[in-house]
Amino acid sequence: QKEVEQNSGPLSVPEGAIASLNCTYSDRGSQSFFWYRQYSGKSPELIMFIYSNGDKEDGRFTAQLNKASQYVSLLIRDSQPSDSATYLCAVNTNTNAGKSTFGDGTTLTVKP
Amino acid sequence: GAVVSQHPSWVICKSGTSVKIECRSLDFQATTMFWYRQFPKQSLMLMATSNEGSKATYEQGVEKDKFLINHASLTLSTLTVTSAHPEDSSFYICSAKVAGAYEQYFGPGTRLTVT
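Chains A and B are the protein sequences, given in the same order.
Going by the working numbering, the letters in the first sequence line up with residues 15 to 126, in that order.
Going by the working numbering, the letters in the second sequence line up with residues 1124 to 1238, in that order.
A couple of the hints might just be wrong.
Unchecked claim - Only part of the chain B face toward chain A is listed, based on derived beta-carbon distances under 7 Å:
#1 Pro1131
#2 Thr1155
#3 Phe1162
#4 Pro1163
#5 Ser1166
#6 Leu1167
#7 Thr1172
#8 Glu1175
#9 Ser1177
#10 Tyr1181
#11 Ile1216
#12 Lys1220
If you're looking for bench data, these hints aren't it; they were derived computationally from the structure.
Note that the Cβ used here is the ideal one computed from N, Cα and C, for glycine as well.
In isolation and in its complexed conformation, chain B is listed as follows (with noise of 0.2 Å):
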C-alpha cells in the first residue's frame, strides 16, 4: 500500500518551454501533497504544499507564477514549471499523506534538464 508514482521520471526540455509533472497516489486518498526540489547532494527542500481543491501554498522565495500546482483530485496532483531555463534543472520529488496521518510517503521523482 501507499504508493505515489510520478510522470515523468525524467525529461528534456528547451529553455522557455514548459514542462508538467503528475504526481499521483495510486493507493489511497491524499488529502494533501507536497513537491520538493533537490540539487546534487543537497537536501530536500520543499517547495509548496497542496491541498486537494485549495490553492497551494508556496514556500518563501518559490515563484508561484514560474511553479503552478495544481491539485485537482484526492489522487491527482500537477507541477507545471513555465518558461524553464537552464537553473530550473533538479530532481523534482512528490509526497501524499493522508488527513490525520503522520507519515507521507514519496513519488519516485522526476528529472528535469533544461537546455
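This is chain A alone, in the form it adopts within the complex (with noise of 0.2 Å):
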C-alpha cells in the first residue's frame, strides 16, 4: 500500500462545475496535509494546507481533512478551464522536519 494514494484520473469536469479531488493516508501520525497544482511542465504550486478535522476554504478552493478515516478531500468550485492540471496530495508526519510524502497526482481536465 502507497503512503499517499489518489485517483490517477484522468477526471473530467464540465466548466462550471464542482470538482472533488480525493487522497488518502496511511501514517495515523500525519499531521499536516497540503495540496499542490502542476501545470504541464512547471514546478507544483501551493494551493492550500490543512492540519484540523474539518474544513478550510480559500475562495474556490475547499480542503476536507478526517483524521479518523485517513483521508484528505480537494473541492474546487466553479472549475474553470485554467484549473486544468495535476493535483498533488502531499502528508507531513513531522511538521517541523517538514519532509512530504507525496501522492502521484490526479489529472484533472476542464472542458469548455
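Bring the two chains, given one by one in their own frames, into a single complex with the hints.
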C-alpha cells in the first residue's frame, strides 16, 4: 500500500461544475496535509494546507480533512479551464522536519 | 512573498561533466530546503533534505557522492550532479520552508538534459 494514494484520473468536469479530488494516507501519525497544483512542465504550486479536522476554505477551493478515516479532499467550485492540471496531495508526519510524502497526483481536465 | 528561484532553468551538458543548480529563497530565510527529481509523467521523488549549516540527509537509493548538496546560507542551497549521465536527465525542483511553518514553497525547477 502506498503511503499517499490518489486516483490518477483523468478526472473530467464541465466548466462551472464542482471538481472533487480525493487522497488517502496510511500513517495515522500524519500531522499536516497539502494540496499542490502542477501544470504540465512546471513545478508544483501550493494551493492550501490543512492540519485540523474539518473544512478549510480559500476562495473557490475547500480542503476537507478526516483524520479518523485518513482521507483529505479538495473541492474546486466553479471549475475553470485554467484549473486543468495535475493535483498533488502531500502529507507530513513531522511538521517541524517538513518532509512531505507526495501522492502520484490526479489529472483534472475542465472542459469549456 | 515566499518566492523561491532556481538557476539555471534549463541546462544541457555532455556525459561525464558536472552541473550545479542553485536554489534561492528570495524573500525569506529557509532553514530547510528539499531537492526533488521528477521524470516525465511521474510524481515527485524526494532526493534529499538540506538544513542550513549541516550535511544533507539523502533518501534511500540516492547516491550522495553523485548528487552533492550544499546549504551554505539561509537563502541558498546548491545541487551538483557529478559525472552526469543520460539517465540523470530529469526535472530537478527545490523547495524551501521556514522553521515551524507547515508549508514549503517550490522553485520553478531546472530541466537537465545530458547528451
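Problem set entry | Numbers of the earlier hints that this structure fails to satisfy, in rising order | 1, 3, 4, 8, 9, 10
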